[in-house]
Structure formats: C-alpha cells, structure tokens
Amino acid sequence: TTVGSYFWQAKSYSGNFYMQQSAYKHADGVLESYMITPAVAIESGMKLTFDACYGNYKAEGGRLTLLYSEDLAGFTKEDIAAATWVDITDAVDIPVPTSTYGTLGNVCDYDLSALAGKSVYFAFRYNGNSTDATTTVQVDNIVVKKSAGTSDLKSVQVSDLFQFNGTEWKLFTGALSLDAADYKAMGSNYGNLDDSMSPDNYLPVYLSQQYPYAQEEDQHTVAYKYYDGKNSVKCATYTMLGGKWTSASVQVLTNQFVLNNGKWNYDPSTVINLPVEKGNTEVAAFYQAITDWVKENHPEYVTGYGNNDYYYGGSAYQNNFDFRVSAWKGQGTYNDMSDADIEKLMWERLPESFPHALEALYGSVAPVEGIDVIYTINFGIYDGSGTTTWTIQYKVVAVGKFEYVADSLKKVE
1 TTVGSYFWQA KSYSGNFYMQ QSAYKHADGV LESYMITPAV AIESGMKLTF DACYGNYKAE
61 GGRLTLLYSE DLAGFTKEDI AAATWVDITD AVDIPVPTST YGTLGNVCDY DLSALAGKSV
121 YFAFRYNGNS TDATTTVQVD NIVVKKSAGT SDLKSVQVSD LFQFNGTEWK LFTGALSLDA
181 ADYKAMGSNY GNLDDSMSPD NYLPVYLSQQ YPYAQEEDQH TVAYKYYDGK NSVKCATYTM
241 LGGKWTSASV QVLTNQFVLN NGKWNYDPST VINLPVEKGN TEVAAFYQAI TDWVKENHPE
301 YVTGYGNNDY YYGGSAYQNN FDFRVSAWKG QGTYNDMSDA DIEKLMWERL PESFPHALEA
361 LYGSVAPVEG IDVIYTINFG IYDGSGTTTW TIQYKVVAVG KFEYVADSLK KVE
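Residue numbers (full-length UniProt numbering): 1 to 413.
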C-alpha cells in the first residue's frame with residue numbers, strides 16, 4: 001500500500017478464496033493499494049485472464065487499475081514509485097452490479113504476445129477514499145496462459161499447476177486449459193461447465209479433437225471453470241484406455257504460499273479483517289461467537305439484545321468493541337469499581353476474547369511443524385469519542401487452539 005493503511009486481504013465465501021480491497025471507513029482518507037504478481041516470463045501466444053466484481057458500488061470511485069512493469073526492482077513503496085508502469089485497464093471490463101455485490105466472473109482476456117521474451121510484473125491497483133470512493137473490489141483466478149495448438153478449438157498451457165509424484169508435489173507443465181472459444185464451442189453461454197454440462201461428457205470429446213492420434217495409456221490433464229453455486233477452477237486427468245478418454249482421480253489441494261526474498265514458502269498464517277460495518281454478517285458472526293461464550297459462562301454481562309456483552313465489550317450489532325466506561329457501568333455489574341479500574345479491566349480481558357471466536361469458527365486449524373502459524377486480527381474499538389483500529393495476533397498451538405502472542409496488541413497508526 002503506497003497511500004493509506006488498508007492492504008489487499010484474502011477472503012473466502014462459500015469455500016471460494018479471493019482477494020478484496022475497499023476504502024470503506026478507511027481512517028486515513030485516500031487509499032492506493034497494489035497487489036503485485038511475481039515476475040512472469042512471457043512467451044508468444046500467452047494471455048492474462050482473471051475474474052473480478054464490484055460490491056457496494058459507488059459512482060464516485062473505488063476502482064481497479066491493471067498495470068504491468070518490466071523494471072520493478074522490489075515491493076517497497078519506493079520500488080513501486082520508481083518502476084515504469086504501463087496501464088492496460090482498457091482490457092478490463094467489470095460490470096456495475098445490479099445488487100449489493102456482482103458475481104465473480106471473467107473480466108479480462110489480454111493478449112501478451114507483444115511482451116514475448118520479457119519478464120514482467122502485473123499489478124492490480126486499487127484507488128479510493130473514505131469519503132465517497134469506497135467501492136469494494138474482489139479479484140480471483142489470475143491466470144497467465146499460453147495457446148497449446150493451432151486448431152480451431154484452442155487449448156492453453158497453464159502456469160503453476162502441480163503434480164504429485166508419490167513423494168512430493170512438482171511443477172506440472174503438461175496441462176491444458178479451456179478458453180472462451182472452447183466453452184462457446186461446447187454450447188456454454190457462461191464460460192464454464194456446470195451440473196448440466198458434466199465435464200466427463202465434454203472433456204473427452206475436447207481431448208479427442210486435440211489429440212486425434214492419441215495412443216493407449218496417453219494421459220492429459222485439463223483445467224476448467226466449474227459453477228455449482230460459485231465459480232471455481234478444477235482439474236481433471238484423462239487416460240486413453242480402449243480407445244476412449246477415461247477420467248482418472250485427481251486430488252485437489254489448496255494451500256497458501258508467501259513470497260519471501262524471491263522464494264515462495266508454504267505459510268498457512270491468516271489475516272482476519274473485522275471492519276466496523278454495521279450489517280456485515282461475516283464480521284457479526286465473529287463477534288457473536290464471543291458473546292455466545294460470555295452467555296454460556298457469564299450471562300449477567302450479556303445485554304437483553306443478546307448480540308453484545310460487557311464482559312469483553314464485543315458487539316455483533318455495531319461490529320466493534322465498546323470501551324465506553326459509562327456503557328460498561330450501565331449493565332449494573334461494575335458498580336463497586338472506579339472508572340480507572342474498569343478501563344484497566346477492559347484491556348486486560350481483551351486478549352482473552354478472540355480465542356473464543358477463533359476456536360468456534362476455525363476449530364480445524366492445526367499447527368505446522370517448523371512454522372509459526374499466526375492469525376492476525378484487525379478490529380475496531382469505540383471509546384465514545386471515536387473509533388480506532390487495532391491489531392492483535394494469536395499463534396496456533398494445537399488443533400483449534402490459539403495462544404495470544406505477547407505484546408502483539410497494537411493500535412494501527
């Protein structure tokens with residue numbers, strides 16, 4: 001992020017993971033934030049595609065810009081400012097949503113042939129402000145792909161697919177990916193397969209057209225988009241057996257990797273953003289889990305509404321922590337304490353609160369040998385005069401168990 005304090009964040013909805021950015025309630029006003037790919041070696045015939053949509057659309061702004069650079073030297077603010085960026089946003093068409101959120105779908109199919117032989121970085125830049133340019137942007141399925149043949153039905157080679165060889169996962173370059181022309185030829189109007197267009201009915205025909213002279217036990221993997229209530233990318237491997245392309249079992253793994261000093265390392269650590277947005281159901285579920293624990297263990301601290309408490313101060317209605325001493329005293333449970341003692345108690349209890357939600361909502365998370373799996377939570381505290389943003393961290397110490405990282409509770413400046 002070159003201007004402001006919000007970063008692109010990994011989000012999930014109904015099992016689908018994507019990246020999201022918004023300037024909504026951004027305390028620092030103007031926001032300019034980059035999501036940059038690793039360097040990509042471009043070959044003739046390659047294309048850049050990705051899915052995106054807008055949410056809580058504002059005509060005043062909060063927009064995505066697509067750029068590339070050939071001379072980016074690093075990922076600091078200074079490196080980004082010093083690089084030469086080429087704007088290719090004209091290749092992007094994100095529809096204005098007709099409801100609160102649009103649907104993630106393909107919005108770009110950019111021919112990279114002019115960059116063949118070069119190594120480039122692609123940047124997805126968000127620009128907005130907290131006043132009115134607050135549109136949310138979601139991005140998913142960023143793919144650089146290459147045409148695999150010269151037939152009318154073109155397949156593409158997909159980067160960054162991996163194959164398990166029995167002991168480890170290794171880069172697998174022999175995959176094909178369906179493009180827009182392929183889906184159209186199959187009769188799909190939406191650029192994907194679905195339950196009415198079974199992959200096992202369509203992909204064998206596709207492979208027969210691509211490999212008319214395939215021999216017994218030849219094997220090929222196809223990547224394709226599939227819709228079953230949400231968009232996802234899937235892979236299927238087929239083997240030529242008895243003159244027919246026959247489906248083989250494929251194990252799909254999704255893991256998080258972090259770029260560190262030019263190397264991608266497995267790291268399942270997670271950042272959870274809890275924006276202070278009344279009506280945000282995902283955030284409310286987090287705070288409600290805290291209040292539910294209080295209801296079970298200290299019911300006298302839960303208000304009559306049932307969605308907030310003054311044991312920790314969490315509110316699933318306001319989606320924040322209420323640290324007003326007057327509000328805590330209003331419950332009638334702190335009448336024998338001074339204002340100073342109540343305020344001290346608030347901060348002492350705060351680190352205890354989040355594990356109740358983490359254990360309820362992330363109960364399957366497990367430690368990883370040799371890696372500190374850290375959950376970072378960004379949240380808001382209201383003290384009567386205004387809302388401030390804070391951050392806190394927890395380490396996964398056992399399956400579904402989280403331990404506060406000492407001194408990690410800090411105000412976000």
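Keep in mind that the hints were calculated from the coordinates and are not lab data. Keep in mind that the hints are not guaranteed to be accurate.
[Said to hold, decoys possible] Using 30 Å as the maximum straight-line C-alpha spacing, the simulated DSSO-like pairs for lysine-lysine come out as follows:
{"no.": "1", "residue 1": "25", "residue 2": "47"}
{"no.": "2", "residue 1": "47", "residue 2": "234"}
{"no.": "3", "residue 1": "234", "residue 2": "58"}
{"no.": "4", "residue 1": "344", "residue 2": "244"}
{"no.": "5", "residue 1": "411", "residue 2": "230"}
{"no.": "6", "residue 1": "25", "residue 2": "410"}
{"no.": "7", "residue 1": "278", "residue 2": "11"}
{"no.": "8", "residue 1": "118", "residue 2": "278"}
{"no.": "9", "residue 1": "411", "residue 2": "344"}
{"no.": "10", "residue 1": "234", "residue 2": "278"}
{"no.": "11", "residue 1": "344", "residue 2": "278"}
{"no.": "12", "residue 1": "411", "residue 2": "11"}
{"no.": "13", "residue 1": "278", "residue 2": "244"}
{"no.": "14", "residue 1": "77", "residue 2": "118"}
{"no.": "15", "residue 1": "411", "residue 2": "25"}
{"no.": "16", "residue 1": "11", "residue 2": "410"}
{"no.": "17", "residue 1": "295", "residue 2": "230"}
{"no.": "18", "residue 1": "395", "residue 2": "25"}
{"no.": "19", "residue 1": "234", "residue 2": "11"}
{"no.": "20", "residue 1": "344", "residue 2": "11"}
{"no.": "21", "residue 1": "234", "residue 2": "410"}
{"no.": "22", "residue 1": "295", "residue 2": "278"}
{"no.": "23", "residue 1": "395", "residue 2": "11"}
{"no.": "24", "residue 1": "184", "residue 2": "278"}
{"no.": "25", "residue 1": "411", "residue 2": "77"}
{"no.": "26", "residue 1": "47", "residue 2": "278"}
{"no.": "27", "residue 1": "295", "residue 2": "184"}
[Unchecked claim] Derived Cβ-Cβ restraints for the label pairs, each shown as a range:
{"no.": "28", "residue 1": "370", "residue 2": "216", "range": "41 to 47 Å"}
{"no.": "29", "residue 1": "398", "residue 2": "296", "range": "18 to 24 Å"}
{"no.": "30", "residue 1": "75", "residue 2": "43", "range": "31 to 37 Å"}
{"no.": "31", "residue 1": "189", "residue 2": "407", "range": "54 to 60 Å"}
{"no.": "32", "residue 1": "372", "residue 2": "242", "range": "47 to 53 Å"}
{"no.": "33", "residue 1": "370", "residue 2": "201", "range": "41 to 47 Å"}
{"no.": "34", "residue 1": "185", "residue 2": "407", "range": "20 to 26 Å"}
{"no.": "35", "residue 1": "43", "residue 2": "71", "range": "28 to 34 Å"}
{"no.": "36", "residue 1": "391", "residue 2": "363", "range": "48 to 54 Å"}
{"no.": "37", "residue 1": "132", "residue 2": "198", "range": "43 to 49 Å"}
{"no.": "38", "residue 1": "74", "residue 2": "295", "range": "34 to 40 Å"}
{"no.": "39", "residue 1": "339", "residue 2": "96", "range": "31 to 37 Å"}
Where is the CB? At the ideal position from N, CA and C, for every residue including glycine.
| query | Which earlier hints can't be squared with this structure? | reply | 1, 3, 4, 5, 8, 10, 13, 17, 20, 21, 24, 26, 27, 30, 34, 35, 36, 38, 39
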